[in-house]
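If you read the sequences in order, they're chains L and S.
Mapping to numbering that gives the first Met the number 0: the first sequence position 239 is 238, numbers consecutive.
Mapping to numbering that gives the first Met the number 0: the second sequence position 226 is 225, numbers consecutive.
Keep in mind that the hints were calculated from the coordinates and are not lab data.
There's no promise every hint is true.
To be verified - Below, a list of computed lysine-lysine pairs in the PhoX-like style, where the Cα atoms sit at most 25 Å apart:
#1 L/K109 / S/K90
#2 S/K199 / L/K146
#3 L/K146 / L/K270
#4 L/K33 / L/K146
#5 L/K20 / L/K33
#6 L/K199 / L/K146
#7 L/K33 / S/K2
#8 L/K146 / S/K109
#9 L/K250 / L/K270
#10 L/K33 / S/K199
#11 S/K2 / S/K225
#12 L/K20 / L/K109
#13 L/K146 / L/K225
#14 S/K2 / S/K90
#15 S/K113 / S/K2
#16 S/K250 / S/K146
#17 L/K148 / S/K2
#18 L/K113 / L/K2
#19 L/K2 / L/K225
#20 L/K2 / L/K250
#21 S/K20 / S/K199
#22 S/K113 / S/K250
#23 L/K20 / L/K270
#24 S/K148 / L/K148
#25 S/K250 / S/K270
#26 L/K20 / S/K250
#27 S/K113 / S/K20
#28 S/K199 / S/K225
#29 L/K148 / S/K90
#30 S/K2 / L/K109
#31 S/K148 / L/K2
#32 L/K90 / S/K109
#33 L/K225 / L/K199
#34 L/K33 / L/K199
#35 L/K33 / L/K225
Okay, here's what each chain looks like letter by letter:
There are 2 protein chains.
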Amino acid sequence: MDKINVIKVGGAVVENEASLKELINQFATMPGYKVLVHGGGRSATRIAAQLGIESRMVGGRRITDEDMLQVVTMVYGGLVNKRIVAALQAKGVNAIGLTGADMDIIRSHKREPKMVTMDDGTQEMVDFGFVGDVDHANGQRLASLVKAKDGIEAAVPVVAPLTHDGMGNILNTNADTMAATVAKALTEEFDVTLTYCFEKPGVMADAEDDDSVIPSINTESYARLKADGIVSGGMIPKLDNAFDSISSGVKRVVITHFMDIQASMGTVIEK
Amino acid sequence: MDKINVIKVGGAVVENEASLKELINQFATMPGYKVLVHGGGRSATRIAAQLGIESRMVGGRRITDEDMLQVVTMVYGGLVNKRIVAALQAKGVNAIGLTGADMDIIRSHKREPKMVTMDDGTQEMVDFGFVGDVDHANGQRLASLVKAKDGIEAAVPVVAPLTHDGMGNILNTNADTMAATVAKALTEEFDVTLTYCFEKPGVMADAEDDDSVIPSINTESYARLKADGIVSGGMIPKLDNAFDSISSGVKRVVITHFMDIQASMGTVIEK
C-alpha cells in the first residue's frame, strides 16, 4: 500500500508570514503523497473584528452565526486557502484548494444546541450555529485527486476547515477534526500518517519547558495526563481526534513542531 | 469531439439570492460537460466598504491594491465560489471550486502601469495593482477534472476570477477574460460553446427595449455598433473576449439572459 502524509497545521503557523514560509518549505520538500489541512481562526477573528463582528468562543470552539459563517467561508476558503495554494505552486507542488463541499468530499450536519461544561464548571446550553459535525468523507474522490493516473496529474489537496450539508449550506468545521476525517477516509487506499503540527515541539509535560516533550501517549497515560491537568484546553479535542484516528485505521499519529514534520520527533499517539 | 458548455455569469446574477437560485437550476439541469465561471464584483465592493476600503474602478476595471487583493481573494475564492459549489452539490452536480492557482490552471503576470483613456477622453497612466493578465491556461488539467476516467468521477469546475503568477502571488483577473481563457484552453479536447449570461436578453440595439436584441454580431457590424455608441462600457471588453474566443477555436459564443442558457436565444457572435 502506498504511504500518504496528512499534515494538519494550525492557524498560528499559517497566519504568520515567516512561519508560513518555513512550513511551505518543509511541506513542499516532503516526498511522496501528501495532503495539507489548515486552520485560520486568528485571521477569521481579525477580519470579523474589522467588520464589527464579535468572535465568541466556547471551549475553544467558535460560535458561528450567519455573519460569522460568511467570514469563515471567505477567510478559510478564500484568503488562507488560496494563499497557501499559490505559495505551494511557486514551489512546484501541484496544490489544489478544497473545502468539504468541493467534489462533495466531506459532508456534515448542523450541530444541534447542546449542553457544554463551561470554564467555571457550570453547564450551559450552547447553540454553536452553523457548525458542521462530520457525517461522511469521500476517500475515493480524494484519492483520485492525489494519485496520478493515465496522464491525469497527481494533485496535493489543501483542505480548508469547511464542510457542507448537501442542502446547499456551508458549515464551519474544526480543522483538527477535518484532518482526522481526511486521514481516516484515506485509509482504504493508503497507509496513512497523520501529523498535527504547530509552534510547539509536541505534547509537553511542562508547557514552559520545550525539553519536556512526552514521547508517546496511549489511552491509559492520556487519562492520567488529563486527570493531572497536564493535558487541557485545545489539546484535548486534538488528542481525542488523534486517538479516534488511530483506532480507525490510521497507522501513525504524531504531534510535533511544524519544522519537524519530516523528522521522527514529537509525541507519538499509541493505541 | 465531445461538446462542452462554458457559462460565464456576472456578479449581479450570483449576488442576488433569487437570480442565483434560478441560475443554479438552469445550470444544474444543463446536460453534458460544463464549466461555470463567475464574477463577484458587487460583493467585493460591499465587503471592502464594510472593511473601510474604497473601491476604485477605471474603465470598469478594479484597481487592486494589497488590501483590495485580500478582499477579492476572500470574496471571489471563498464567499461567492463556495456558495455556488454548495448550491450545485445540493442539486447533485459534482462541482469543484477553482481559481487559476489551483492545479496551476491559469497563470498570469501582474499588469504593468499603462495609459488608459478616461471617461472624459483624457489619457492617464494607471497602475491597476495586483491585476493579472493571463499568460497560460492548462486545458489538459481542466479537461482531466471534467472527464470521467477509470473510476475517477467527472467534476464540474466552478471558476473564480483569480489567477496566480507562479511566484506565490494571487492576482485579480477579469471574469469575462477568465471565461474566454477557460473556453479557449478546452478547445483542444472539446467542441466548446461559450455563453456570457447576465440579467439582459443579449446585446440590445436599445438598452431600454428588451425586444431589441441583436441576433448576431460579426467583426464588421461590431465596428459599426461601437462607432454608433450602441455598444459601449463593460460590453466592449466582453465582446472583445467573445471575438477573441471565436477566432481562437471556440465554436460558438452567445450573449444571453441567465434564464436562457439552455435555449437558442440572445446574441450570437460570428467571425
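Right, here's what the structure says about each hint:
1. L/K109 / S/K90: holds, 19 Å
2. S/K199 / L/K146: It is violated: about 44 Å lies between the C-alpha atoms, which goes past 25 Å.
3. L/K146 / L/K270: violated, 29 Å
4. L/K33 / L/K146: holds, 10 Å
5. L/K20 / L/K33: Given that 25 Å is the threshold and the Cα spacing comes to 18 Å, the pair holds.
6. L/K199 / L/K146: violated, 32 Å
7. L/K33 / S/K2: With Cα atoms ~34 Å apart, L/K33 and S/K2 exceed 25 Å; violated.
8. L/K146 / S/K109: violated, 32 Å
9. L/K250 / L/K270: holds, 10 Å
10. L/K33 / S/K199: It is violated: about 46 Å lies between the C-alpha atoms, which goes past 25 Å.
11. S/K2 / S/K225: violated, 32 Å
12. L/K20 / L/K109: Violated. L/K20 to L/K109 sits at ~35 Å, over the 25 Å cutoff.
13. L/K146 / L/K225: With a Cα-Cα distance of about 40 Å, the restraint between L/K146 and L/K225 is violated, given a limit of 25 Å.
14. S/K2 / S/K90: Judged against 25 Å, a Cα distance of about 22 Å means the pair holds.
15. S/K113 / S/K2: violated, 38 Å
16. S/K250 / S/K146: holds, 19 Å
17. L/K148 / S/K2: Judged against 25 Å, a Cα distance of about 23 Å means the pair holds.
18. L/K113 / L/K2: Violated: L/K113 and L/K2 sit about 38 Å apart, past 25 Å.
19. L/K2 / L/K225: violated, 32 Å
20. L/K2 / L/K250: holds, 10 Å
21. S/K20 / S/K199: holds, 17 Å
22. S/K113 / S/K250: violated, 33 Å
23. L/K20 / L/K270: violated, 34 Å
24. S/K148 / L/K148: Holds, at roughly 9 Å.
25. S/K250 / S/K270: holds, 10 Å
26. L/K20 / S/K250: violated, 44 Å
27. S/K113 / S/K20: violated, 39 Å
28. S/K199 / S/K225: holds, 19 Å
29. L/K148 / S/K90: Since the Cα atoms of L/K148 and S/K90 sit roughly 28 Å apart, the hinted pair is violated (cutoff 25 Å).
30. S/K2 / L/K109: Roughly 39 Å separates the two Cα atoms, so the pair is violated.
31. S/K148 / L/K2: Holds, at about 23 Å.
32. L/K90 / S/K109: OK: L/K90 and S/K109 at ~19 Å, within 25 Å.
33. L/K225 / L/K199: Holds - the C-alpha atoms of L/K199 and L/K225 are around 19 Å apart, at most 25 Å.
34. L/K33 / L/K199: holds, 22 Å
35. L/K33 / L/K225: violated, 31 Å
When held up to the earlier numbered hints, the structure conflicts with 2, 3, 6, 7, 8, 10, 11, 12, 13, 15, 18, 19, 22, 23, 26, 27, 29, 30, 35 and fits the remainder.
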